[in-house]
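As you go down the protein sequences, you meet chains A and B in turn.
Position one of the first sequence corresponds to residue 1 (this note's numbering), numbered consecutively onward.
Position one of the second sequence corresponds to residue 1 (this note's numbering), numbered consecutively onward.
In case anyone wonders, no lab produced these hints; they're calculated from the structure.
Here a beta-carbon is modelled for each residue, glycine too, at the ideal position from N, C-alpha and C.
Among the hints, a few may not be true.
[Stated by the list, open to error] Below 30 Å or equal to it, Euclidean Cα-Cα: the simulated DSSO-like pairs (lysine-lysine) are:
| id | chain 1 | residue 1 | chain 2 | residue 2 |
| --- | --- | --- | --- | --- |
| 1 | A | Lys158 | B | Lys49 |
| 2 | B | Lys6 | A | Lys172 |
| 3 | A | Lys49 | B | Lys219 |
| 4 | A | Lys158 | A | Lys219 |
| 5 | B | Lys158 | B | Lys171 |
| 6 | A | Lys232 | A | Lys242 |
| 7 | B | Lys232 | B | Lys219 |
| 8 | A | Lys171 | B | Lys49 |
| 9 | B | Lys146 | A | Lys158 |
| 10 | B | Lys49 | A | Lys168 |
| 11 | A | Lys158 | A | Lys141 |
| 12 | B | Lys141 | A | Lys141 |
| 13 | A | Lys6 | B | Lys102 |
| 14 | A | Lys158 | B | Lys41 |
| 15 | B | Lys242 | B | Lys158 |
| 16 | A | Lys257 | B | Lys141 |
| 17 | B | Lys168 | B | Lys102 |
| 18 | B | Lys168 | A | Lys49 |
| 19 | B | Lys158 | A | Lys49 |
| 20 | B | Lys49 | A | Lys211 |
[Claimed, not checked] Here are some, though not all, of the chain B residues that point toward chain A, as calculated from beta-carbon distances under 7 Å:
| id | residue |
| --- | --- |
| 21 | Pro64 |
| 22 | Leu80 |
| 23 | Tyr91 |
| 24 | Ile131 |
Number of protein chains: 2
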Amino acid sequence: MSPTPKYELLYHPGIPGRGEFIRLVFEVAGVSYTDIANTQKDGYSTVQKICMSSAVETPGGNPPVFSPPALRITYPDHELIISQTPNILLYLGERLGLVPSKSEGAKYHVNQVALTALDLNDEVHDTHHPIAGALYYEDQKDEALKKARDLRENRLPKYFDYFERTLKFNKKVGDGGRFLIGDRLSYADTTTWQVIDGCFFAFPKEMEARKEEFPELLKGFYESVKGEVRLKEYLASERRLKYGMGVFRYYPELDRK
Amino acid sequence: MSPTPKYELLYHPGIPGRGEFIRLVFEVAGVSYTDIANTQKDGYSTVQKICMSSAVETPGGNPPVFSPPALRITYPDHELIISQTPNILLYLGERLGLVPSKSEGAKYHVNQVALTALDLNDEVHDTHHPIAGALYYEDQKDEALKKARDLRENRLPKYFDYFERTLKFNKKVGDGGRFLIGDRLSYADTTTWQVIDGCFFAFPKEMEARKEEFPELLKGFYESVKGEVRLKEYLASERRLKYGMGVFRYYPELDRK
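From just these sequences and the hints, can you work out the full model?
Pasting the structure below:
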């Protein structure tokens with residue numbers, strides 16, 4: 001076996017954000033990593049230098065990064081810097097045992113579910129920033145009210161129905177576990193779980209009202225993933241950052257009345 | 001060598017849309033595929049049955065699909081149905097020779113560039129549908145004007161600067177070719193090219209005004225990919241669908257004045 005490389009997460013400090021999908025993968029796999037902006041003095045200046053600069057090159061002869069998160073992987077003889085959340089999940093999923101082993105196809109099914117959960121994540125973000133990410137929420141509140149209503153009434157049920165059917169499908173073909181794809185926990189599970197958890201924070205009334213409609217997802221799956229030993233430990237630790245002003249925000253006016 | 005499987009693209013008929021990223025990969029690889037909604041009688045009803053239904057299962061024992069596009073791959077002994085554009089590109093890129101061979105890392109760098117181009121694709125879509133995909137453009141035109149302005153003034157330059165730097169980086173380390181990553185055409189190139197091409201259609205004045213600012217991307221790269229023999233043949237064929245009411249739409253009021 002080759003030695004375990006050093007993993008560094010490059011992301012904004014203080015919020016779960018898109019970095020959380022990557023933290024979850026390390027946490028449930030029990031593999032150590034450094035979240036440099038949250039744990040190292042001057043860590044965020046390294047993130048900014050690598051992920052938010054106008055440089056043509058990043059360290060180690062890697063191509064530029066569009067925006068955080070990125071993952072820096074240091075091997076004995078070279079270093080790799082990769083970006084884009086689903087790309088980092090793909091890289092880690094294969095290496096940390098977070099994809100099913102039973103078939104080649106299952107790898108792509110895990111990836112498609114994770115990508116879909118990340119699309120929902122983006123749509124939730126856009127409920128409070130429908131016009132421009134660089135403007136304040138207060139400057140696009142009228143549009144946010146409309147966008148959030150569409151999310152609650154049309155988009156959430158569409159996504160939830162998809163995840164619910166995926167769980168039912170896997171129950172039918174699988175080993176009775178509560179996973180989305182295959183017979184073990186994958187990054188499809190951790191990624192979908194995180195988006196659902198964020199929705200419980202951002203839209204508590206809406207989510208409560210939807211529970212009976214999507215019981216496999218919002219009760220069975222949500223609680224069972226939350227109960228995974230390593231995830232439980234992580235959620236109780238200081239490493240789990242609180243939701244605040246990131247992707248998932250609680251604005252009562254955007255929730256169901 | 002195992003026999004070439006049968007590839008079927010499952011997507012909406014009549015528009016390039018997200019299906020175009022997949023068509024381009026087959027076309028530049030010279031691998032045959034069937035675009036069933038555009039070429040088969042009742043093809044679209046198959047797409048709807050597989051990709052837009054409330055079924056728990058899709059044919060061949062595959063999990064549900066959230067929405068088109070999907071790819072159906074028929075092997076002698078089983079069939080695989082996978083969805084999510086970047087997931088399909090990943091699957092095909094590795095199999096059709098559209099990733100660089102030089103290093104494992106390059107595969108993930110190709111993927112990160114393609115994912116970033118697809119993010120821009122989504123942002124362009126949202127300029128004409130900032131509030132809800134299910135509403136008409138006319139019912140969200142005020143918001144569209146604001147969103148399109150942000151795209152033109154902030155987002156396009158940010159993305160273009162990233163692609164421009166990626167091209168400069170690759171020129172520095174590569175073989176002088178005009179590819180984004182590595183020493184051969186990859187799905188990072190075809191995907192980025194398609195988004196740029198769509199922007200030329202949707203925002204002709206804005207793009208013309210930006211050409212001098214991003215010459216590697218909007219002149220060198222764009223023209224050189226367009227000149228690839230197989231792509232050229234495809235663009236001149238009837239298989240290349242016209243832009244219309246899909247992701248890339250021409251509304252003069254959303255373009256630069």
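Quiz item: Which earlier hints can't be squared with this structure?
Solution: Structure breaks no hint.
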